[in-house]
Amino acid sequence: MSVVGRPIARVEGRLKVTGAARYTADLPQDDGKDLVHAVAVCAAVAKGRITSIDARQARAAGGVLELITHHNAPRLRPVPAQEVLGPAHETLLVLQDDRVHYSGQPVAVVVADTLENATHAASLVRVEYAEERPVATLFEGIDDAFDSPRYAPPTTIGDVDRGLADAAVVIDRTYTTPAQHHHPMETMATTVRWTADEVTVHVSTQTISMVRDGLATTFGLRPEQVRVVSEFLGGGFGGKAAWCWPSVVTAMAARLTGRQVRLVTTRRQMFAATGQRPHSVQRVRLGARRDGVLTAIAQDCVGETSAFYDTPPFYIGAATPVPYGCPNIRTTQRFVKVNCQTPVPMRSPVEGVGLVSVESAMDELAAELGVDPLELRRRNYAERDPNSGLPWSSNGLLECYERGARRFGWPERNPEPRSMRDGRYLVGWGMATAIRHAGSDPTSALVRLGADGRAVVQIGSQDLGTGTFTIMTQVAADALGVPVEMMRAELGDTDLPTGGGSFGSHTAASVAAAARLAGEALRAKVIRIAVADEGSPLSGASPDDVLVDDGYLFVRGDRSRGERYAQILRRNRLQSATGDHTPPPREGATVARWAFGADFTEVKVDPELGTVRVTRHVKAIEAGRIINPRTARSQVIGGVVMGIGQALTEATEVDRRDARITNAGFWGYHVPVNADVPDIEAIFVERDDPHIPGSVKGLGEIATIGTAPAILNAVFHATGKRVRDLPITPDKLL
Amino acid sequence: MDFIRATTWVDALAAKAAQPGAVPIQGGTDVMVEINFDVRRPPALLDLTPVAELAEWSERDGVLRIGAGVTYARLIAELGDRLPGLAQASRTVGSSQIRNRGTVGGNLGAASPAGDAHPPLLAGDAVIEAESAARGVRMIPAAEFYLGVKRNALAPDELIRAVHVRPAAGPQYFAKVGTRNAMVIAVCSVAVALHPGERRVGTGVGSAAPTPLRAAEAEEYLAAELDWDSGLPAPVAARFGELVSAAASPIDDVRGTAAYRRHALAVLARRTLTWAWNDYRKAAERCA
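Protein sequence lines, in the order shown, are assigned to chains Z and X.
Counting in this note's numbering, the first sequence runs from 1 upward without gaps.
Counting in this note's numbering, the second sequence runs from 1001 upward without gaps.
In short, the hints are calculated from the structure, not lab data.
Glycine included, every Cβ here is placed at the ideal spot set by N, Cα and C.
There could be a bad hint or two in this list.
As the list claims (entries may be wrong) - SDA-like, lysine to any residue: derived pairs with alpha carbons at most 25 Å apart: (1) LYS1150/X / ASN663/Z; (2) LYS732/Z / VAL673/Z; (3) LYS732/Z / ARG173/Z; (4) LYS732/Z / THR1257/X; (5) LYS721/Z / TRP410/Z; (6) LYS721/Z / ALA1259/X; (7) LYS337/Z / ARG99/Z; (8) LYS732/Z / ALA1209/X; (9) LYS1150/X / ARG268/Z.
What the hints assert, rightly or not - Some but not every residue of chain Z turned toward chain X, in silico, with C-beta under 10 Å: (10) THR266; (11) ASP606; (12) THR611; (13) LEU648; (14) THR649; (15) THR662; (16) VAL671; (17) PRO672; (18) VAL673; (19) ASP676.
Working from the sequences, and respecting the hints, build out all of it.
So this is what it looks like as structure tokens:
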């Protein structure tokens, strides 16, 4: 019986709940003495030049082994960004010169025998700056906003101006979303040993292969000289998808000291270590006929990028042309250079930000027309992808609407704002559409089978904490035909066959495709061996007639003529096979591959205090076939919680005078806690997709896309007040 | 940084006298945060956790004496029925892990305007028992204890021994607004305590001025206006809210604006008074 599709428990769950799983910062040192600790000194100004660094006191402090500044740091070579390394967004070469580009940029690194000594010595480093006036937010630099035809070319479909002119109703609204930081529980940790033969890097990363290539490039090594290991990750949410300075300076320290060096960023440093989701302003215009059918969608965004950065980041409107069938669509984006770190992916950098305004504007249009918000979306269902003009590879959006609405009880909604109450609370129901491109990365897998009948599947990708170990085990066990208990998954080491990054909702599709190919290849290989093995009951059978069930190979129609993998392997020894998944090129595609979803949410608002509580959330998702409903449900819960934070609590506050972050800690940056999170229900609308291996579309981002706008819309329905500036803090509702 | 471990109260007082710059530490939920964030680097920490008597509470002559080392978790479990306002405030402190470590003594020592224990202590007429090796015991009413932002009335050689407070004589309530539903510093908070014997309502306001404070005018207003044998007129509750709000001097910060705080204080004060009054009337009618 197939184990794919079954809700088996996480295979690494016991290790995690017993504390046996070793995360990067937990790894014991090799020989009890060698490991030393690095602590970064971070810039106290957001823009200027370092005029002096007085490190005398720090160097004289106990246990200090090395102090690195731009005067003595190893010289680095530029790391090409998007073209070579995917979202390798931090192009700043750290500790190379006296320029400061953002507050929190590392200006010195202290290495000492203990973490306490390193921390103390770091506090003794005195840095003087010639401060310059920084650009704190996009509002300060909006006059200098520029466009990027290369990375964010305008999308134009049809004639938007005519579509707006022909519309019976036009909605024209501007929304703002704040800068946000990822804040996985595990902060950024790196341990590096640098010897003449090999540089070994243990690092919390969503992409071991990119860290390897990046370190090799910047230090002038060959990639095969660098080994990167990341066995367990305590979350990342995009922050660990990028190339970031903590890993670079740890490698510098290891090279200069000859010791094994560890650097773990503090929570405060996480506000300028692994990038952030950029602040944005989004103007949306929707044109519609009286019946709600859209005649035009126009979205003009402005987003932040870093002051030193030469290739702009995300085109947050890139997916805006996709969700609704509309003949006239135009999206543009401009950028403002701001004294912040370079923005990196965070919890869906495109759809998760750019569709907030579109989905809110759709709700405003529904209110304006007096059409039910769900009905408005149904009327604008896209029969083909409006952006490419291609047919969908599969599309379960209408069923997501239907099943989500039914489960939520949406038909009971009174359309009038402020009409529903529970005691002193105003009750609001809101919904939104979610879409996310379904892609994958080139990935190789190796499956090996031993004489004990046990197998291992290896991929040089990593488990972000989402369940990759588990789904890979399920898929490989099915493909080989062994019980799931007999399959073990290995990830997180560049010595394994090369896999992709854990981002872009690509991991499940990539890993599953490669694991299946490798498992099937190994099954075929062992069958070929068995039918040629005179000692096997399968000897002489046609390979096509050999079936495998639960580790037992037999001839079709005669179950008694067979034997177990272990028996074949005992005679024929260890066997292995590889599988290589190559995704179809996006150029020349004949279908549009997307995952779909619909969010339905209930909020209760205290009308006197403006406090908002999400009390119910139903999310229906069509992401092809679900490999493991249990880990999938966990992902949806996590994604919805992120959406609650995006809608209600999370914002990185920047002082507009000096461009420094004023809430740099969990005391001030509020992620949702248990009391903010209601029961979250996940509904999976399953679809076979002949154009996607295993019909796996990926869940990471679709789990959070749609949640924040559904909450915004519910707050409007509860209060009659439309907040267009995220997050909705209580003061904005009074 | 020196770490001094006192095993008896006498030792603790002697250590504090010898090194007045030493910062006392119990649960460490405030002190360690400040040290870890490098906000302060005291010359010494004075660990009071081995001092057994600090973790005890007792009752004598109708007054509870709560040792400075009694945790929020124990306050809730052991004294929640007799100090409902303080217990309500204690339930909103941090997470259960923090409540297992943090103490009211620590809250008083830190004297943060946002400390959750302060408003119910003010409303309940608590008195702080301070002691020094040189001058012995000194009793400081809560209303005179808070002097400025994170400044209290303790002399450099004094330690907090206990808090003295009478069990609630009437209904008590505490309410706060935060930027999320738990594990959050108050944007502002209000406590009320009904003292039916004296026909008086005590108040405490948090996170809305440099110090926690009593809303004296609001208390005087109720003393003059309330008819303790009838219902609470809505205009009286509303006026009370306005006066509590007027007693505050809030600022804009990352947690909220001054204007929001003023507004929310009035709402919280009106609500807590109404809840307390309704409880009181219900109890009075049952007795009648």
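Against the structure, the hints:
no. : hint                 : in the structure
1   : LYS1150/X / ASN663/Z : 19 Å, holds
2   : LYS732/Z / VAL673/Z  : 21 Å, holds
3   : LYS732/Z / ARG173/Z  : 17 Å, holds
4   : LYS732/Z / THR1257/X : 10 Å, holds
5   : LYS721/Z / TRP410/Z  : 21 Å, holds
6   : LYS721/Z / ALA1259/X : 19 Å, holds
7   : LYS337/Z / ARG99/Z   : 16 Å, holds
8   : LYS732/Z / ALA1209/X : 22 Å, holds
9   : LYS1150/X / ARG268/Z : 23 Å, holds
10  : THR266               : 8 Å, holds
11  : ASP606               : 9 Å, holds
12  : THR611               : 7 Å, holds
13  : LEU648               : 8 Å, holds
14  : THR649               : 5 Å, holds
15  : THR662               : 5 Å, holds
16  : VAL671               : 8 Å, holds
17  : PRO672               : 6 Å, holds
18  : VAL673               : 5 Å, holds
19  : ASP676               : 5 Å, holds
When the structure is compared with the earlier hints, no violation turns up for any of them.
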